[in-house]
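**Q** Using the hints, position chain S against chain B.
In the order they appear, the protein sequences are chains B and S.
Residue numbers for the first sequence follow the numbering used here, beginning at 1 and rising by one.
Residue numbers for the second sequence follow the numbering used here, beginning at 134 and rising by one.
Some hints could be false.
Simulated coverage check for chain B against chain S, where a stretch passes if three residues somewhere in it have a Cβ under 8 Å from a Cβ of chain S [stated by the list, open to error]:
(1) 19–27
(2) 32–45
(3) 102–115
Some chain S residues near chain B, calculated using beta-carbon distances under 7 Å [what the hints assert, rightly or not]:
(4) Ala638
(5) Gln639
(6) His796
(7) Gly826
Simulated from the structure, these hints should not be mistaken for lab results.
Built from N, CA and C at the ideal position, the CB exists for glycine as well.
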Amino acid sequence: MAPVAPVAPVRPLIAVVDDEESVRRALARMLGALQFEVDVFASGQEFLDSLRTRLPDCAILDYRMQGLSGRDVQRQLALANIHIPIIIVTAHDQPALREQCLADGVLAYLAKPLQRERLVGLINDALRLRSAS
Amino acid sequence: MRRASDLWSTARPVDVGSGFGTLDRLLQADLLRTLLAAAAVALAYGATARLGAVFGFPGARVSALWFPNAILLAALLLARRRNWWIYLALVLGAHFLVLTPLQGTMARAVISYVGNCSTALLGALALAAFVPGMRRIDRLRSAVAFILLAGILVPAGTSLLVAAAALAAGLGATYWWTVSARTLTNAFAILTLVPLILHAAAWLRRGDARIHVARAAEAALLAIALVTLAVLAFVAPGPYRAFSPALLYAPFAILLWGTVRFGVPGACGPVLLFGVLATWGALNQAGPFAGHTAADNTVALLLFLVITAGSLLLLAAVLEERTSLEHGRAMILSSLRRAESQHRQAEMLHSAVLASIHDQIAVLDQDGVIIETNPAWRRFVEHSASRPFEHGSVGEHYLQACAAAAQAGDAVARELLECIRDVLGGVSVHRRLEFSHDAPQGLLWYEVSIERLHRPEGGAVITRSDITGHKQAITQAREQRQQLAHLGRAAVLGELSGAFAHELAQPLTAILGNAEAALELLPPDAPRLSEVRDMLRDIIKDDVRAAEVIQRLRSMLTQGEIQRHRVDLDQLVREMLALARGDLITRNISVSTQLDSQAALVLADPVQLQQVLLNLIVNAAEAMSTTAAGERRLTIATRRSDAGRMLECSVADRGCGIPPGDHERIFQPFVTSKKQGLGLGLAICRSIIEAHGGRLWAENAADARGAIVRFTVAMSGELDGA
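Isolated chain B, as found in the complex:
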């Protein structure tokens, strides 16, 4: 299980949006250990508000949160024409939800708990997409 390092020379910025603090903190630690720069947000609104100051290279959004859901955030970004690769994560995996999220144009949909290889692989995909555009 070899650690996968980020491909970009500067540390890419990853936004983690989850209303559960322990998850938020653990994901920030894990990604930080892998040399990513991590911003954490406790709600979708907090995350949207932060976009005025800086844009992340990739956002990991919990689907079910108090207030705006991960999907609501993704929709608002699409409406505001802000293109950030989005990875939706959920503890309540449903095939129908997966279909809907992918149809909405998110980069990926992952069921919790998140496995490191799969997550880092998807983040790298996102970063490649960013640099390509």
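**A** Just chain S, lined up with the frame of chain B:
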């Protein structure tokens, strides 16, 4: 309207309670009526006295036709005794007014007044003593009493005294002739006129005093024939003088005709008419009674007339009595026949009612013998009965049959025997039991009810009802309930697992993330930390293994269990409301629906959707437990939404709404406001709806009265033909 008969009676009911003014008026009216009646009697008395003077015996001071005494007697018989003096007083006036000029001396007038009045008074008293309450002469007893007392004895007695008084006063010479002439002339008048007046008064009193044309014509014909024959035989025989004795019998046919056809009035009227004409003839020396002096002839004729009148009166009374008896017998026969017909109709109704009852009925007497069965019982006995207690026909000892079957070990028969004994013995008025019957078409169930027969001698009514359908329905309902409970348990278990999966996934995510980070942060070449590295790797490996278990659970729940069908959501709402109806009624909740999905179908697992609907209905009902009873209303609406791609269903209550900020929290597992309950209902509902690709959320009503829970489900099509 006052009837003429009232003139004779002063027996008026007097309303004492209505005041003295009214009482006085009534008394005056009563007195006036009596005075009028007495005046009429006095007038008739005077008129007939004047007539009597015309029919005086030649050479004697006795009238051959003397009606005043008869009229006075009839009046006294009809009047109340306490008013008699009024009649006698007024008659006194008439008597002296009419007779004093005719009779010359005052002494004669006094004697004749006393004689006349005593004849009437004694006759009335004698009749009142021997035939009390006599209103008509229509019985043999009353006729005999009337003829003997009023007709013969009283006139004879008074005549003896009158003749003696006249003799003493030097007013008469022929004592015995006067006695017999006066007796006969009074007897004739009394025997003919008094019954006529009494019957006329009774006829008028009867109220339906109608005259039939045919009867009147017959009476007129009778009168004409009688007058013709009487004139020919007694008044002016002319060329038939030679047949004179034979002509005596000529009117008899007519008299019998009258008696047979018209009763007492038909006997007395014609005899009176005939008598008047015959007397006229005899006084003028014509007719069969012409052998001696006119006076003797007339006495002989009067004797003949008295005998005739008496005989015919007796005959008429006997005939009327027989007619009355026959009438009574006919009435009894007719009422007997009517009673018989009513009895027959009651019997027919009884049979018809028994025949139209589908239940099997047998009636037992107090000893337990069958006395009646209905066709349904007989059909069962004939075609289906197998066990002894299922049999039984009229005359059989049902109780003994049950006892024998119970002895042989039939448990149902033993129970039935005990029930029937209880009811027959008065221990209880009603018992019931059930038994099954093996029929070719399957097992049939019967309920036997034993009711006390409500009559003095007792008995019991056994009713066997087929309750197979009822039993099947109960079994079916029980099975359905079990099935539903099982489904509910399965669904809760499944969703519980789903909720657990979610709740476990979050901490596992955190554990995994932390372990990964720790592993990443450990220096790669620190030998003392290799043990820690292995531990972290184990943590990661076990966390991943747990994640795989959760994933398997999820895929099993989401794909393996859900059976999706095209479902009519409106129909489902109606079904669930019907299921919850009893609960809603108990809670005083009124229901209104606005099902407006326009017959669209959703693709869903109907059982899971039922689960959601039922859960939301019960939640809404419980939310209104503190709402005023009249305010509790549950509103369920459906409509198309999201540009026609989704169906939205809303369940609105009138409770106190959702506290601010709790709109999402209430969907978290184990969050509940109820004392009993896991707080999984809404979480499960949301996961079911999300599994169907829809959303479920809650909001407060716009008017802040209650909460609304809405969910959407994707449409799959429309009902055929909708």
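**Q** Broken hints, numbered, in rising order?
**A** 6
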